[in-house]
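Undergrad: Listed below, chain by chain, are the residues.
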Amino acid sequence: MMSQMIIANRLIDGLVIYMGPKGEWVDSIDKGAVFEDKQDAQRWLIMAQQAVEDSVVVDPYLIDIDTGGGENLPVGARETIRAFGPSVRTDLLEDAEGNGG
Amino acid sequence: MGLIKEGKLVNDPFKNVSACDTVPAKGPVIVSIDQWIVRRDDLLKRSSLIGIWLKSDEHPEAIAGDLVHLSLIALEFPSFRDGRAYSYARLLRDKYDFSGEIRAVGDVLLDQLHFMVRSGFDAFEVESEDPLGAYNIAAADYSVWYQQTGDGRLSAAELRDKGVRR
Amino acid sequence: MYRYDEFDHKLVQERIQQFRHQVKRRLSGELTEDQFKPLRLMNGLYLQLHAYMLRVNVPYGAITSRQMRKFAHVARAYDRGFGHFTTRQNIQYNWVKLEETPDLLAELAEVEVTGIQSSGNCVRNITSDHYAGRIKDELADPRIYCELLRQYTVLHPEFSFLPRKFKIAVTGSPKDRAAVALHDIGLRMHLNDTGKLGFEVLVGGGQGRTPIIAKTIREWLPPEHLMAYVEAILRVYNLSGRRDNIHKARIKIIVNQMGIDQYRELVDQEFDRIKGDAKGIPEAEIQRIKAYFAPPEYEELPDFTDKLNTLRLTDKTFDLWMSSNVAEHKIGGYAIVNLTLKAPDRVPGDITATAMDAVADLADEYSLGEMRVNHRQNLVFVDVKQVDLHSLWKKLGPLELATPNLGQLTDMITCPGLDYCNLANARSIPVAQDINKHFVDVDRLIAIGDFTVNISGCMNACGHHHVGNVGILGVDKHGTEFFQLTLGGSSDEGASLGDRLGRALPQEEVPAAIEAIVDTYIDTREDDERFLDTYRRIGMVPFKEAVYGSVDTKVVA
Chain A
623 MMSQMIIANR LIDGLVIYMG PKGEWVDSID KGAVFEDKQD AQRWLIMAQQ
673 AVEDSVVVDP YLIDIDTGGG ENLPVGARET IRAFGPSVRT DLLEDAEGNG
723 G
Chain B
38 MGLIKEGKLV NDPFKNVSAC DTVPAKGPVI VSIDQWIVRR DDLLKRSSLI
88 GIWLKSDEHP EAIAGDLVHL SLIALEFPSF RDGRAYSYAR LLRDKYDFSG
138 EIRAVGDVLL DQLHFMVRSG FDAFEVESED PLGAYNIAAA DYSVWYQQTG
188 DGRLSAAELR DKGVRR
Chain C
8 MYRYDEFDHK LVQERIQQFR HQVKRRLSGE LTEDQFKPLR LMNGLYLQLH
58 AYMLRVNVPY GAITSRQMRK FAHVARAYDR GFGHFTTRQN IQYNWVKLEE
108 TPDLLAELAE VEVTGIQSSG NCVRNITSDH YAGRIKDELA DPRIYCELLR
158 QYTVLHPEFS FLPRKFKIAV TGSPKDRAAV ALHDIGLRMH LNDTGKLGFE
208 VLVGGGQGRT PIIAKTIREW LPPEHLMAYV EAILRVYNLS GRRDNIHKAR
258 IKIIVNQMGI DQYRELVDQE FDRIKGDAKG IPEAEIQRIK AYFAPPEYEE
308 LPDFTDKLNT LRLTDKTFDL WMSSNVAEHK IGGYAIVNLT LKAPDRVPGD
358 ITATAMDAVA DLADEYSLGE MRVNHRQNLV FVDVKQVDLH SLWKKLGPLE
408 LATPNLGQLT DMITCPGLDY CNLANARSIP VAQDINKHFV DVDRLIAIGD
458 FTVNISGCMN ACGHHHVGNV GILGVDKHGT EFFQLTLGGS SDEGASLGDR
508 LGRALPQEEV PAAIEAIVDT YIDTREDDER FLDTYRRIGM VPFKEAVYGS
558 VDTKVVA
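Chains as they are written, first to last, in our numbering: chain A, 623 to 723; chain B, 38 to 203; chain C, 8 to 564.
Chain A extracted, bound-state conformation (with noise of 0.2 Å):
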């Protein structure tokens, strides 16, 4: 069943985060509001433009989700390597001090 997210980086450091249901922004995509209905998602859209004029995030956009296997797996190789981490080294989600992931 296809749904959307809104993915972005983070102004600070760069990384990839999720928003998440209470328009707060989250680091993993499992965390992050799934939105059934397109209008709905195109209001937090805008929502997240505001993030970006308070230099929270970069780069906010709607991706695609499908959500049929119980976990929420973006359609397409570039959100599921943002997600997910390249695909020849998945180990790397976690930083340095093991964080994320």
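None of these hints come from the bench; they were simulated from the model.
Check before you lean on any hint, since a few could be wrong.
Claimed, not checked - Calculated lysine-lysine pairs in the DSS-like style (CA-CA distance at most 25 Å, straight line):
#, chain 1, residue 1, chain 2, residue 2
1, B, Lys199, C, Lys17
2, B, Lys92, C, Lys255
3, C, Lys297, C, Lys337
4, B, Lys92, B, Lys42
5, C, Lys172, B, Lys92
6, B, Lys132, C, Lys17
7, C, Lys104, A, Lys653
Chains B and C: place on chain A using the hints.
TA: Structure of chains B and C alone, referenced to chain A:
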């Protein structure tokens, strides 16, 4: 917006009419290159100072022969990423020996101040709540540079040659 | 090796200070992303798929062991434990944090390394021959002029906002190991009729969407006029290059549009105006820089070749490595050792922090504390004593730095691709790894001989696919990765662009296609022909038929 000339916040004596239909009878004016071409004789008959506003695709060679009549050239940055004005300024100073005011107008980003100064600009329209403050911060950014640009400031190589130690 | 004096240090410190302040203004919102982006790019900081990527210059590919240790430290302290060497002799870190970048740059500055102008619409890293100063076929050491050009172009007031990026490469040898014909300005040192050393100046080369081999704008230019001539080229480009479309903004486009003759006329006019000026680099400055590149104090060593040959007879793997990775040094008793970062199961061009530290130690022990990186993403130790070759080789093996594949099929140039890069359409690294799995037999690789495979994940061609003997370009067809192959490219003094083989192939068919191409070459080659020679002799048809089963490649055989 403030005009910084030779490191000081000054009032602008020039009236920019480059986008207007009429040119006032008296007083220093800045006109567009088209207005200059059309109204050249009238403008020369006035006893006031004349400046020309060049857009980024207007090469100063078009007015090279008339520089003796001009006190000011305003070089426009439509976006600070459009770097043609740096070459225009260099050519005005080095090739055409223009010694009047070269003013940076438009999207003037003070992070580029050193580039502009060393290319021959000596006046800047600064968009800021504190134009002089912002200017002074930017002016202190660099004290060393590698290239000579004909502005007389010594490059690192020249300083080394003179045996100057930092 | 050039060493910073207080002027160089001061300039870099001031640049870092300015950047620190710019980062602060960005984080506070005083600068928007639109305003900040060109500023951070001019320090080499990109925002990529996963995080910020920092590109660090390695001027003309030269690295000291001290710098390599700092690269390792940065990888550990600011990144995720590794770095990536690129096709422009730079190193990239993929996971840096914006707020930490000023500190990172300050640390790099301690060892005289910067990210200044590694991106942005300005003159980028000046690249060169990785054997500079050490190889017999060289007429003069190009690094002196690279350093002069580096200083000339860093924070140049007039040329920091060009229509687009600008890349310069220099070779001091008629054997072009720096791909100069694929650069915006290429400089080839050579002797004129009276035996005087000067530069052939080439202009308007490049890859990307519109690959073009550079054209000669000046047959021979005396070295004392180099800066003035480069200035004239840059000034004409700054004023005439297109600014309406970023895909048409490089100098190659305007040179093609005007024609080389008209471009030359404009440049020569400007050059004639400025060359007579008293301004120019003081002779003392040229001599000062030359002194840094003086050859080291070599020992008088006997030739060790016979003893090496004996060793080679007793150890096949050592023999293989000697054949492929070791080049002849101009000084007797010494050798040049290539360390390919292309081990079969590794990501091409990547190197871990641990390996970086180990390489630094080995450089100290075996190669006078210095090394080079080349545009094929490999490292080079340029001053190894022949008598040390075997013991060095034994230490390189466990580090996976002794893969005997220099210039062979598995020594692939591979861009980071969709695994890392925002611009990519397809992943390039898995393609390289796949091909590696199919070409395991070392004897076969030797039999194939010189064979370059270059892989790019998009049309920007950072993997130099246009000039690979086999080029592979990743494309996106309706959300699936496909790969377009080209044949017959070359980046050396006989530079040529590859020809399209046929319709793009899905990823799983690429290794078999390479096999078919290789088999066809082996079957048809004459004498000692390299693949490139065979291709140039017999043309595309036999290869098309081998890969697609017919000349009409749209038909799926």
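Undergrad: Check whether the Cα positions of Lys199/B and Lys17/C lie no farther apart than 25 Å.
TA: Distance of about 18 Å is within 25 Å: holds.
Undergrad: Sort out whether Lys92/B lies within 25 Å of Lys172/C, counting only the CA atoms.
TA: Holds, at roughly 23 Å.
Undergrad: Sort out whether Lys42/B lies within 25 Å of Lys92/B, counting only the CA atoms.
TA: holds (20 Å)
Undergrad: So if I understand the rule, the pair passes when the alpha-carbon distance is 25 Å or less; does Lys92/B with Lys255/C pass?
TA: holds (21 Å)
Undergrad: Could you grab the alpha-carbon distance between Lys104/C and Lys653/A and see if it respects the 25 Å cut-off?
TA: holds (22 Å)
Undergrad: Mind checking the alpha carbons of Lys132/B and Lys17/C for me, to see if they're no more than 25 Å apart?
TA: violated (32 Å)
Undergrad: Taken at face value, is the distance from the CA of Lys337/C to the CA of Lys297/C at most 25 Å?
TA: Holds. Lys297/C to Lys337/C sits at ~19 Å (cutoff 25 Å).
When held up to the earlier numbered hints, the structure conflicts with hint 6 and nothing else.
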